[in-house]
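Colleague: The lines below spell out each chain.
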Amino acid sequence: MTKDEFLDRLGNLLACLPADQIEETRQFYAEAIADRMEDGMSEQQAVAAMGTPGEVAEAILDDMPAVPRAIAKTRRRSTVLLWVLVILGSPVWLALLIAFAAVALSVYICIWALALCVWVVAAALGAVGLSALALTTAGIAIGNVPYVLAMLGCGLALIGAALLTGAAAWVISKQIARISALWVKKAISPFWKDRNGNGGGLPTSPFGTDGTDGGADMDTTTRLAAASN
Amino acid sequence: MEAQMKRGFLEACVLAAVSGEESYGYQIVKDVPASMGLTESTLYPLLKRLEKAGCITARTAEHNGRLRKYYRITDTGRARIGEFLAEWPSVQEIYAYVEGAQS
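So the protein lines, in turn, are chains A and B. Note that the working numbering has the first sequence beginning at 28, numbered continuously upward. Note that the working numbering has the second sequence beginning at 1358, numbered continuously upward.
Since the hints were derived computationally from the structure, they do not count as laboratory data. The reader is advised that the hints may include incorrect statements.
Unchecked claim - Taking lysine to aspartate or glutamate pairs in the DMTMM-like style, the calculated list, with each CA pair at most 25 Å apart, reads:
#	chain 1	residue 1	chain 2	residue 2
1	A	100	A	85
2	B	1387	A	66
3	B	1387	A	82
4	B	1363	A	31
5	B	1409	A	85
6	A	30	B	1419
7	B	1409	A	90
8	A	100	A	47
9	B	1409	A	89
10	B	1409	A	66
11	B	1363	A	82
12	B	1426	B	1408
13	A	212	A	90
14	A	213	A	89
15	B	1409	A	47
16	B	1426	A	70
Using the sequences plus the hints, can you model the full thing?
Modeller: Below, the structure is given as structure tokens:
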């Protein structure tokens, strides 16, 4: 195979990608082949060293998130097939997508409702504590010392409890907000890769953890552990 | 070599290959130890990933009447190499444990 044949075949196999990406890929492989030929290889040898155009295209498409990859690979076989699958499959994928979104939304609401409960308990404790303090002043007005002491004690204890519960509610809300941000990242990961953050690209550890899942999972668990402490 | 581990090693190797003077595709393929089995089809997505993550920068320059892309490491990339090297003691510990369990 000549260099031009190789590049043309590669370009055809990547036709599902944006034009600038195809051009960039062609330039990279044109450079690699030219460099090998400069190093003394024949054109045939240099092209053979790249592997088949199919393998090269596969390596590029494999680096994409799951959903665009599936679309690109189907489209590579035939654009008609892609649309036939999208339309005929719509009762399945549309229903699944809606169900997925609905479940995610209800879980999300339930979790926030839980946090709201803690806030309500804190507010109730605070309100009762304040009423007890108000009753203390009433006790002072009629001069009933044991009643004043009892109400003052109850009021302070309740307000203390309200402050503690409020602090807990604040921490819980913050954690939920943080975890839901991670969930959003995870939920969109099949469609779009975050190259800079934890969402994808480089693994945090050089020895593994595919950034997309491992990193986010680890974060969630550490944070959940921290929250439960 | 296990795939995930190889990925980490490859990234470190490519970063190391552009950490001195700037380098280009074929030079990187030649520089990286042969045991990694690095080829252009692996290198290309890897370079793009590293560039997007801000670990390397690229510039295009003319060479023998054609264009060639040169890559150079950034501070982020150096930090990444530092992280890789910092893992070594724990790798040694694991190696010693696995080796010790054989005797």
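Colleague: Of the numbered hints stated earlier in the document, which are not met by this structure?
Modeller: 4 and 10
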